[in-house]
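S.K.: Heads up: the sequence lines are chains F and L, in that order.
Everything in the first sequence is counted per my numbering, starting at 56 for the first residue and increasing by one.
Everything in the second sequence is counted per my numbering, starting at 56 for the first residue and increasing by one.
Any given hint could be a false lead.
As the list makes no split between identical chains, a pair holds if one copy fits it or if it spans any two.
Straight-line alpha carbon distances no greater than 27 Å define the calculated DSSO-like cross-link-like pairs of lysine-lysine that follow [to be verified]:
# : residue 1 : residue 2
1 : LYS123    : LYS196
2 : LYS249    : LYS224
3 : LYS224    : LYS171
4 : LYS110    : LYS409
5 : LYS243    : LYS284
Hints listed in this document are in silico derivations from the structure and should not be mistaken for laboratory results.
2 protein chains.
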Amino acid sequence: MRKILMVFGVITLFIGCNAPQKSEKASNEVSKTPETNPENFGIVIHGGAGTILRKNMTPEMEEAYKAKLEEAVRKGYEILAAGGSGLDAVEQSIQVMEESPLFNAGKGAVFTNEGKNELDASIMHGKTLNAGAVAGVTSVKSPIALARKVMENSEHVMFAGEGAETFAKEQGLEIVDPSYFYTENRWKSLERAKEREEVELDHDGQASLYDPFIKDSKFGTVGCVVLDKEGNLVAGTSTGGMTNKRWGRVGDAPIIGAGTYANNASCAVSSTGWGEFFIRGVIAHDIAAMMQYGGISLQEASQKVIQEKLPEMGGDGGIIAIDHNGNIAMEFNTAGMYRAAMNSKGELTLGIYKESE
Amino acid sequence: MRKILMVFGVITLFIGCNAPQKSEKASNEVSKTPETNPENFGIVIHGGAGTILRKNMTPEMEEAYKAKLEEAVRKGYEILAAGGSGLDAVEQSIQVMEESPLFNAGKGAVFTNEGKNELDASIMHGKTLNAGAVAGVTSVKSPIALARKVMENSEHVMFAGEGAETFAKEQGLEIVDPSYFYTENRWKSLERAKEREEVELDHDGQASLYDPFIKDSKFGTVGCVVLDKEGNLVAGTSTGGMTNKRWGRVGDAPIIGAGTYANNASCAVSSTGWGEFFIRGVIAHDIAAMMQYGGISLQEASQKVIQEKLPEMGGDGGIIAIDHNGNIAMEFNTAGMYRAAMNSKGELTLGIYKESE
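The following block holds chain F by itself, in its conformation from the complex (with noise of 0.2 Å):
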């Protein structure tokens, strides 16, 4: 029987080799494999980082999210430990989220202010730096599987609206009715949204932004990062933007570089939270590149980026990390974020809020 770890209050942590991994400063090979153990294989899974408190939250409720995190990150473990692909390892393990109407991503996606669910996902492979990235799909059953087959089978990285939909049907992708996609809890954080910005609109227009109930409801994303056998970093996001947006806002999830990114030459990177000021700190791509170039461990970069670098923009969420030494992060600067690892030895590690317990 494995190990079976549950830590709540580690932020970051190692998984494998400790020592942080020096880069060359200014360095060529983005995209050259380093030499791997192919026991240092990881994965680890996000649902979403936001203002999630315990005295919020009813003990049931809890272990509902923590079941479903340990059967996502559980998923693509056994993926990794069988020797299979990375991709099929983030793809699968975030499937798993985007079924459950738990996290902002496939059913359970947060409406538009029209009423609508709109879905978006990107993956990116550290190896080919190939990527894929939708955006606004509404009948995809599962976006993460749409931005696979975009990377794959298209010669383009990035699909929008209807054409991605187009496409998602010649490949033959399972379509559902709109309707899979309700859940009546985002149904009334959409008309509480609506409402709150009614009363508010005349001071503040941006007020329900700011409360922590509607920035909740409004942000979310489901997110894998894996190291596999072969040494190759795989990074995955899916989500159902914000509650209530306009105007075919498009958050970070699907921008490569912002919600996604994944270089075999440093890390992969999946982000959540507010997704404006990940676009603009082009954040997961921020991360690599002060590995890379900085010559800093992932972990420094990831507290540096998440702790120092997206507040004083004024933005706040986390990311999931992992390096190619199999070294992760699970950083977040709201009060808690849905997160869990697994490491080549099978040890799992759960967590929901910030402090310790």
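Following the hints, put chain L in place on chain F, whose structure we already have.
M.R.: For chain L alone, kept in the frame of chain F given last:
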């Protein structure tokens, strides 16, 4: 009268201080404006990179391009010289090119597979790291103006499709009939691309991407980067996308970090070329990150990214960039790039081809 230099063979040149700007390794001060000399302002523009060969160009066409490039760069220069904002300079320089049928942006944009013009643009300010981007608009006369409205008048960074059009109308921007963007040349490019595709699809679905004629007509973008007298770096990019594109393809022009990036701590960059590779390489942010974390000069970073990293991935294209000392780069790995620059002394540089003349 201003001294005018017509330099065609110079790819990278310096304005103002020649000393490479060293920055602290892994500095946290992402957007801190370094000490600047108000005399050290400057502007660089591009009108697209591609297989631009002198043998394919008539003297009349060459003169037409040079005249329009000079008009565009002088437009921004006059704003900067008068102490105007970098945002105004970038927006208005780009608008000169958007309104010209010579460039693949605004009027003269290429056609999608469905025979439509779908326009993308983005803009970013290096002091605030604020940014705005739009993808797939079909009736907004100036996409760069819309990107600026998104940045300044919304809490978001990126809008796509119909939602972006709605926002444009709400903002009172000039709306035109989609036929405004029509030019006969671009329509012929679409027809030729479709014929070529039909012929070549049997042996290689991507063949048209490797045909110089089609590739040139497929890609192309306009962009502008400036350093204003307050020491602020601003970058903007506008494009008609890709001839014969399908599935709501989004290129790099509206992607912050890929097509456009500005940060007072490093540089402002606008990209042009095969967009998919610019997204995967997060090209604009990569140049800034190599400067900031790797401590190399703008020239070195631009060369490494465009002459080494981009071709290694299989991509081509170019960038224009300017740093906080007024050093500029106009780097491309294609046969040519339409480009122009002016420094604080009013010296003008114009270029089309790579080879000296």
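S.K.: Broken hints, numbered, in rising order?
M.R.: 5
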